[in-house]
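Residue numbers (this note's numbering), protein chains in the order written: chain A, 1 to 161; chain B, 1001 to 1801; chain C, 2001 to 2198.
Read the hints as simulated data drawn from the structure, not as lab findings.
Fair warning: there could be bad hints in the mix.
Reference listing, derived: stretches of chain B covered by chain A, where coverage requires no fewer than 3 residues with Cβ under 8 Å from a Cβ of chain A [claimed, not checked]: (1) 1019-1029; (2) 1208-1216; (3) 1511-1522; (4) 1693-1702; (5) 1726-1736.
Cβ atoms here follow ideal geometry from the backbone N, Cα and C, with glycine treated the same way.
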Amino acid sequence: MAKQHIVFSLNGGVVEILVEPRTLLIHALRETLGQTGSHIGCETSHCGACTVDFNGKSVKSCTVLAVQADGGEVLTVEGLAHNGALHPVQEGFMQEHGLQCGFCTPGMLIRAYRFLQENPSPTDEDIRMGMSGNLCRCTGYQNIVKAVQYAANKLRATQGA
Amino acid sequence: MATTAEYLEREQKLEGIGCARKRKEDPRFIQGKGHYVDDVHLPGMLFGAVVRSPHAHARIKSINKEKALALPGVRAVLTAEDLKPLKLHWMPTLAGDVQAVLADEKVCFQYQEVAMVIADDRYLAADGVDLVEVEYEPLPALVDPHHAMDADAPVIREDLVGKDEAGQGKRVHDNHIFRWEVGDKAATDRIFATADVTVKQAVLNPRVHPCPLETCGCVASFDKVRGELTVYITSQAPHVVRTVVSLLSGLPESKIRIISPDIGGGFGNKVGIYPGYVGAIVASIVFGRPVKWIESRIENLSTTAFARDYHMVGELAADKNGRIKALRVNVLADHGAFNAHAQPTKWPAGFFSICTGSYDIPVAYARVDGVYTNKAPGGVAYRCSFRVTEAVHLIERMIDILAQKLGIDKAEIRFRNFIKPEQFPYHSALGWDYDSGDYPTALKKVLEAVNYPALREEQAEKRTRGELMGIGICTFTEIVGAGPSKNCDILGVGMFDSCEIRVHPTGSAIARIGTITQGQGHQTTYAQIIATELGLPSEVIQVEEGDTNTAPYGLGTYGSRSTPVGGAATANAARKLRDKARKIAAHLLEVSADDLDWEIDRFKVKGVPGQEKTMKEIAWAAYNNVPPGMEMGLEAVEYYDPPNFTYPFGAYLCVLDIDRYTGETKVRRFYALDDCGTRINPMIIEGQIHGGLTEAYAVAMGQLIAFDAGGNLLSNSLMDYFLPTAVETPKWETDFTVTPSPHHPLGAKGVAESPHVGGIPCFTNAVNDAFAHLGVTQIDMPHTAFNVWKTIHELGLDNRA
Amino acid sequence: MQVKLEKTFPIAAPADAGWRVLQDIKGVAECMPGAQITQQIDATHYKGQVKMRLGPATASFNGELKIKSIDEGERKIELFGKGSDTSGASAATMNLTAQVRDGGDGRCEVIGVSDITVSGKLASFGGRMLTQVSEQILKQFGDNFTARVLASARGADTPQTMAASVPPPKELNGVALAWNVVLGFFKSLFGDTKSKSG
């Protein structure tokens, strides 16, 4: 199959790759670009393990074609930390024991990152709803809610200052 | 003398047992640096994908590979014919049966493996799968296990025709696998004949699937020059895999390296050996190149490891006061087309005989019949010890049904039947020796916390208005930590576990354990055990598992055996080191070893303040100044064979409200008290309990692997198979008591599975309780809104008039 | 997964015209949206193909069709078909009995009774839509068949002229089909269907 040339921004840098038209974004990220942080859990966009931030929205990269990313901006878990400092959502998941096996975590973090921009002062119920596109089999979500609240507090404190 | 403050500070610095230490695994995971099997990318790697049967039962008339092989990039199409010369078209299961690796002339369940396409990448492999043409002649499918032993039932396993044994004792029908009986049948029958009151109820544990977020997969890499095979694999038992691969392939174990890297959840799904693994290994050996096989979610839910499918009939005999006199249980177990039940070899029904539960039942009898049906093989322990969920579910339903019949409160009947604290160690009617427990205290604490009498009053009041409110109670006992090698083995290997610790000269250490974490946080908690036992900060203790080239042989992580067995091995290995350290300290301080006291992180000379050696100092000396005749170094290995199982327990209470027009169930409150003995990391324990409760919620309220009458699977994607989201998952309240295990070196019992085992009956008891006043005795799971509504509708409760 | 359907199509043409068209297996098959007879093996055996496109997914079924019986007196034909998609991931069988009944006044009706069994991926994923999809297929079949009978009654009985008067769809129309399936699903909620699924 003839390959397509695509260029997009990934975690702040520019990447340029050749992909088949049918290649899914998750496979381009994981296999062509070696960014294995985002995972594949269901292939049907139910589980959210493959969630990436694409042009300012949370998308499930298992059901997006890589060619659709051409010219766009993609952020994955690998791009969350900044200058060696963890992003508050990363810190929150660690502090509040918001992860166990770690498989859903990259998708959760990327979703939380976007969710807190959509709603900087969420209630616990808002968080449960806002994160409901991401499944976790280990934690029972309670600590994930706490982790997102931790990040919300920290983000508000730093942005308020 | 150290001051209390200094003493505490030193202790805190270790972050040892009891500390809610943050997880050491997390920095990798939160930065996308986890390393799971599908992240493994080796040069020249090929990709395998499996051709599967569309039929539940059919004869294979032909397989045409030509079109697939003509596709550029497709390297091979493996079928049973190709594996036959290698004698690998069938493989042994953990349950004494055999399973087809690739279907041999016949398919026995839908999605069964028929061929494996090996291609240059995963897209080409999938293309190749579409081009393999298989011609089938459909046969009648056997779906309902209740008809498995009918005279005219289709015979599923033609390879076993005429054999009166399928690896687990005598069988009486071509679709029969085994009959397992335990207890005193005659004595039980006698009590039932004369009892004041008896109850009998069919209780179903439907077929479900553990469905971890990461599916199964492997990367097999055979180095033709060295003759060495390396397999990265999603396995909860890598050492067992190595033994099995060695037995299958004929390669010596020393030439096989099995690596379980990070595992994205197991929950019992990753205990077995699956055809995809075997196919990838064979292909790698044939091509001398790495071969990756990763399941899709559909394949995962369709083929690898279902759980439960126990069709039980329970009976209790009791006196008028609700004091249970006897238990009788008959179970029909649907094992699917091959008996690949995950179990210690001699236990065809796992530890189902724990079904007398937390109650002092003098006489009992249980019988389990396993049958073949045209469904996927499995029978794994989904977040529980072998068949314990089923056992606990049965007794916890039956005691509620008895209470209902006698008009006794469901908490009260439990107090009347509990094994009393002074009866421990307790020998159960079906042969188990419970190590320790205090059931009444646990239940009392829960009832007080939720103000139980007020809840019952509220319920009575709501019932007068036709509203549906349920209160579920579950007081469960688990049996975990398999197990003593005298009665537990897997393929002949005793179910011990192991730990090897090396303390380096500057006082840091590496520990390798035979278990494997799948999210339980072993790198954090094993280090805490060593920190407390050795007096070295857990921060400098590295924990490694899952690589058979480095870790000592262990049986792996399932059935809550890590802390009870691996944790005990770790504590004992550390204690061996501390004994050696004592001798070195005595040598350094020029006193007798008996004159030394251990205090947190150092040995002190009795009665001589200031005369002391810290473990850090001793570690240095171990490499340059040991007593004459002593070996240098500070290393120890322990292979721990547990003297008994451990018996964690708990008391759970669930309050829920049911909308009588929609059947929707809302869990208002869930209070979980767990007693897992000594608590190593309370933060991790709480996390494990949250997770187990959520999986219990999933099973009770929605999970079902459903089939139509033709054996077509109707729930093999996440569209149809229920995994709860954050929205419907209830909020959990946790509590604990501590009753240490008397035989475990740390007193710890294991915890991660208790909430699943205890949670399921608690939810289902609550739903059933909501209808108890209407004479309903049993509504089977899953309690989806539609199913609950059907009950409501049958009872006419949704009548708005 | 099995679904049984019964449908009656009233046609404003004489029963003989209806019966004539019904015996032309190739023509009848082409009334099935997406279906085609590719080869006649003998008097009662045919090979054929059904193509279906639903959104981005295409399913192509190859199969065999067998005439089980033809009853001239009753104007009744019994067919059995079975097929599987090329990859073998899904399979289906169908028993179809069709009968032309004289309605008097130069009118007739065709009564179709079918019993469809599907297995494999189609059953796992399409099972819940099977009744609706089958109803739609049957409805489109009825429309095409009616058009053919009417054309035949007008005397246009060469295949060429019939084909010209009724261009049969060679593939199931995805969008239209999906829309009709959804409509059918909602109707079925209110019991507006004769079908029984089981």
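Task: Three-residue Cβ test at 8 Å for the coverage of the segment 1511-1522 of chain B by chain A - done: holds (count 4)
- [ ] Between the segment 1726-1736 of chain B and chain A, see if three or more residues pass the 8 Å beta-carbon test, and mark the coverage as holds or violated.
- [x] Contact hint for the segment 1726-1736 of chain B vs chain A: holds, 5 residues under 8 Å.
TODO: Verify the coverage statement for the segment 1208-1216 of chain B against chain A, using a C-beta to C-beta distance below 8 Å and requiring 3 or more qualifying residues.
DONE: holds (count 5)
- [ ] Report holds or violated for chain A covering the segment 1019-1029 of chain B, Cβ cut-off 8 Å, minimum 3 residues.
- [x] Holds: 7 residues of the segment 1019-1029 of chain B have a Cβ under 8 Å from chain A.
Task: chain A covers the segment 1693-1702 of chain B, three or more CB atoms within 8 Å, holds or violated - done: holds (count 3)
Figure legend: structure checked against the earlier numbered hints; every hint is met.
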